[in-house]
Amino acid sequence: MAGINKAFFWSLFAAGGTLTAFVFPVLVLIVLLAAHGNPAEIMGFEQMQGLLSNWLGKIAALGIIALALWHAAHRLRTALHGLGLRADSAVAALGYGGALLGTVLAAYYLLQI
Amino acid sequence: MSTTKLELEILRYDPEKDREPHFETYAVACQDDWMVLDAINHVKDHMDTTLSYRWSCHMAVCGSCGMMIDGQPKLACKAPVSDYAGQKVRVEPLANFPIERDLVVVMDDFMDKLKRVKPYIIRKDEKSIEEGEYKQSPAELKKYKQFTLCINCLCCYAACPQYALIPEFIGPAALTMAHRYNQDSRDQGLAERQDEVATPEGVWDCSFAGECSEVCPKHVDPAGALQQLKIATTVQWYKGLIGMGGK
Amino acid sequence: MAYVRPVSKTSWYLARRSYTVHMLQELTSIFVGIFALILLWGLSAVAAGPEAYQQFLESLTGPGMVLLLWVTTVVMFYHAVAWFSVTPKAMPIQRGEEFVPGSVIAGAHYVVWIVLSVLVLLLAGVF
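Residue numbers (the working numbering), protein chains in the order written: chain U, 1 to 113; chain S, 114 to 360; chain G, 361 to 487.
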């Protein structure tokens, strides 16, 4: 994890933070409404499939999920270091590795829709 | 003349005699308009001449009298005793620096780091004297003016949690200086400063806690400078990737 | 010998209220990560077909899940507000000799936020 690469991870963190600040509140509100089953047709299968089958929807979904994961990985790396966990390389590898896995999985699922 | 009674609990440490610092209490009858610095001067003049501390201008421009007053990094000349009337006030040397003696800290680490960021105009092409001065419009000056106001008092270092945990961190004031020169239209040294700035112990150790800007007595806003520096450094890095590196 | 004062590596953030607030803001990223994983799970359910997706929707209704979603909702709104309040510091906009006030930049973010949110609610079929 050379120092130069920190610019790369930080840019993903900043982009992810901005994007999630804009869309996560409304998205989690929608999922919360679906969890309460009200309104009944919210997040219906056909609607979701429709949104995600066109390329714009796929790119948006991939972008949101991936950047959110990279944001969380980077911010948690700093937070854990601040909480006293000093094994920075291990935390970075686990966190970024997880974000990468999530990104690949999201792309994989989206290609199937 | 009415007086404000203050009890100063001052950290004392004599490197030749003490293994550890300890506190000594001094009761001072202050004039109402005194600053904490005046009370400390009173202690030294009338109660304990062995007390050591730095001070000079007594008007918040020299940056000498930075110290922890009731746990907050402040300039002693800018802390009115009326804020602490009737209380015990703890006075300690600036946090996150080794204690030289009493309220004097060892500043060498900061001086080194300041040098490393090259806080001066760097030119790739010098103009000869005959070609005239480097001109700068008011708008170009405004771009970096706020960051020139730093008086190197080190209150920001005392407040910064990252500097407390990571001694290698170059820190708010030094990095703000790098940004100040990067933003100066007369400067051409951005790429050269990246060697120090774009490292883990450079701008990337900053976690944007914002404490530095909270305590800065001159309102320099080092936190803002460091975030702007992160963006500039990132842009520079991406530019380098596609071969557009040199500024 | 200069005396170096020890600093606790594990509890420094409790020493001062502003440190604690900062640490809590950093930890909002836990919920960003959790919600991203929930979205990923939903994505896999859509890809797997209507029955799998129905199961996913039903899992959301469990009490533990509902509690998690409530907490995540609150935390995400907090994340947005905190993020918009610091963005102006990182991106000063200079017009001539003056800087656009931070409140204007933050205000613009809120406007975009509301517009985007309404758009997403429309797309999701809430109204």
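I should point out that these hints are in silico values taken from the structure, not numbers from a laboratory. For every residue, glycine included, the Cβ atom is placed at its ideal position computed from N, Cα and C. Treat the hints with care, as some may be off.
Here are some of the chain S residues that sit facing chain U, going by a computed Cβ distance under 8 Å [claimed, not checked]: (1) Ala311; (2) Pro313; (3) Thr346.
Right, here's what the structure says about each hint:
1. Ala311: At about 7 Å, which falls below the 8 Å cut-off, the nearest Cβ of chain U leaves the hint on Ala311/S intact, so it holds.
2. Pro313: holds (5 Å)
3. Thr346: holds (6 Å)
The structure fails none of the hints (numbered hints given earlier).
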